[in-house]
Amino acid sequence: MVPENRLNRYRKADQEISGSVEKNASEFPSFRTMAEIYDQAWELARREVEIDRLFNSWYYEI
Numbered sequence: 001m002v003p004e005n006r007l008n009r010y011r012k013a014d015q016e017i018s019g020s021v022e023k024n025a026s027e028f029p030s031f032r033t034m035a036e037i038y039d040q041a042w043e044l045a046r047r048e049v050e051i052d053r054l055f056n057s058w059y060y061e062i
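Under the numbering used here, the residue at position 45 of the sequence shown is numbered 45, and the numbers go up by one with no gaps.
Bear in mind the hints are in silico, worked out from the structure with no lab data behind them.
Keep in mind it's a predicted model, so treat the numbers as computed, not measured.
Among the clues, some could well be false.
Stated by the list, open to error - If you anchor each label on the Cβ, the simulated ranges turn out as follows:
no., residue 1, residue 2, range
1, 12, 38, 39 to 47 Å
2, 8, 33, 38 to 46 Å
3, 56, 8, 18 to 26 Å
4, 12, 58, 39 to 47 Å
5, 53, 12, 36 to 44 Å
Don't be surprised by glycine CBs; every beta carbon is placed ideally from N, CA and C.
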């Protein structure tokens, strides 16, 4: 569960970016935005695998 003060920070940042939380909640995201989100998630997953591989090679080398 996210603390209320953190939620308020997220809401405030969202309002600064888009103008309104309600507007964002009611809008359907465009396919381009979803593709960008997918690409970013894929890149993070690839980085995580690479970090795990590097850590394991270092750890088991000792």
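Status of each hint after checking the structure:
no., hint, result
1, 12 with 38: 39 to 47 Å, "27 Å, violated"
2, 8 with 33: 38 to 46 Å, "24 Å, violated"
3, 56 with 8: 18 to 26 Å, "40 Å, violated"
4, 12 with 58: 39 to 47 Å, "41 Å, holds"
5, 53 with 12: 36 to 44 Å, "38 Å, holds"
Of the numbered hints given earlier, the model fails hints 1, 2, 3; all others are met.
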